[in-house]
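Residue numbers (UniProt numbering): 1 to 161.
Hints are supplied without guarantee of correctness; some may be wrong.
Unchecked claim - Restraint-style ranges between C-beta atoms, simulated for each label pair:
(1) P86 with R41: 48 to 56 Å
(2) M32 with T130: 26 to 34 Å
(3) G35 with L105: 52 to 60 Å
Quick caveat, the hints were computed from the structure, so don't treat them as lab data. Computed from a prediction, not measured in an experiment: that's the story for all the values here. Where is the CB? At the ideal position from N, CA and C, for every residue including glycine.
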Amino acid sequence: MAELEEYPDVLPLPLQSGYGFQPTSPLQRTEMSSGRARQRRMYSTVPTVASVTWLFTPEEGRIFEGWYRNLVTDGADWFVIRLKTPLGIQPYKARFTDIYDGPTLKGGNYWEFSAELELIERPTLNARETADALTGGSFTDAVTLLDDVAHQWYTRSWEDA
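With these hints in hand, go ahead and build the complete structure from the sequences.
As structure tokens, then:
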């Protein structure tokens, strides 16, 4: 598999204004004739759409448009971009859902571009990270410690018998 193109380091992160995420629902919901509904998770990983806006200098705007056209094939190819989520600033695999809007002149010498990016996966903690966050520490370390305590107790109980 070919290595993915990266969003250029010389370009800024998206602006805070209008920045947000819309995850795709992983649920299947079926309305019942009784008025109740059944639902279940259909998919464990679903894409998320990120709304982004950039404000570029003229040079940054030229670099962005050249990168978009030539290196990510007018937005058709997947690439890696660092984005801020509740997990912090991390790299995500993304692609454009369509061509960007802009450039729009702002403040006399800046250019605004906006787009929607499809992230291949919803940015969330994995199961282990969630357990660690909920227990206030390393869940794996806690399980290992409990295993050691249980082993010692079991061994001592045999010695006493």
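Verification of the hints:
1. P86 with R41: 48 to 56 Å: This hint is violated: roughly 21 Å between Cβ atoms.
2. M32 with T130: 26 to 34 Å: holds, 31 Å
3. G35 with L105: 52 to 60 Å: holds, 55 Å
Checked against the numbered hints above, the structure violates only hint 1.
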